[in-house]
Amino acid sequence: MTVEDIVRILDGTPLTCKDNLGIEVRTACGSDMMSDVLAFAKTQCVLLTGLCNPQVIRTAEMMDIVCIIFVRGKQPDESMLELAEENGIPLISTPHRMFSACGLLYENGLRGGKMDA
Amino acid sequence: MPDVMELVYEVSNEDFTRAGEASSDVKRKLKKLGIPSDVIRRVSIALYEGEINMVIHAYGGKVTVTISEEAITMVLADKGPGIPDIDKAMEAGYSTAPDNVRNLGFGAGMGLPNMKKNSDEMNIETQIGVGTTVTMTVKL
Ligand SMILES: Nc1ncnc2c1ncn2[C@@H]1O[C@H](COP(=O)(O)OP(=O)(O)O)[C@@H](O)[C@H]1O
Ligand SMILES: [Mg+2]
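So the protein sequences, as listed, match chains A and S. Position in the first sequence (first residue = 1) + 12 = this note's numbering. Position in the second sequence (first residue = 1) + 2 = this note's numbering.
No lab work stands behind these hints: they were computed from the structure. Beta carbons are placed, not taken as given, at the ideal position from N, Cα and C, and that holds for glycine. Don't take each hint at face value.
Example chain S residues on the side facing chain A (calculated, C-beta under 10 Å, incomplete) [as the list claims (entries may be wrong)]: (1) K34; (2) A110; (3) P115.
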């Protein structure tokens, strides 16, 4: 699945890096707790979150997260857009809620990472 | 590249939105040096969690990162309140973070365990009312 596919599946609006939506996504992670993302997210994963502050972008930067999806139509502010653009991270806003957004991606074949022991 | 490279950052606790700037800069520099990506990932995660801790639990502090042929060493020194019980602080899920920090996405009590997991060596020196110094090493 590519970021472009995700935009289509989630009725999403791309907000940054609009020329870079062909990237491949392997797994997904849905969380509002950045500490959990930092502890459990896998490589080449997309992050779905209802949290909207600059540390979400920082977390994605540190974890090499491929793309961030803001659920419930959350709109990142100017500083977040800038930070994401600087780091080449596509941001997408979707009107769907967390559960539905995760469900839609799952239904279309995307999976979470394997559980650690 | 010189044998040893040292990077020093002042971390301020005045603006939570700026936490992570040191980790971000270190990550960029390691990439430029051609350090393997799995090493960069571990350093980034460990340093970022450490930086966040300095901001939310202390009053900011100083981060020193040393890059040699053998290892990347990170020293995070703060003049915060200190940690009364290190064993307890190291437990997954233990956190004294207030609700406002949790609302920002941190304070799940996963930081210190995750820092340990991502480094080859981690040492905490702490004194109540004086401060805490966390030293982490990731081998190359
Ligand atoms: N630099 C520090 N200064 C003082 N206390 C700290 C520091 N770092 C961690 N702690 C203490 O250890 C606890 C656990 O830290 P951590 O595992 O990172 O979880 P969290 O930051 O989510 O609370 C913190 O809640 C805090 O009480
Ligand atoms: Mg922490």
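Each hint tested on the structure:
1. K34: S/K34 check fails; min Cβ-Cβ to chain A is 15 Å, beyond 10 Å.
2. A110: Holds, about 4 Å.
3. P115: holds, 8 Å
When each numbered hint is compared with the structure, a violation occurs for hint 1 only.
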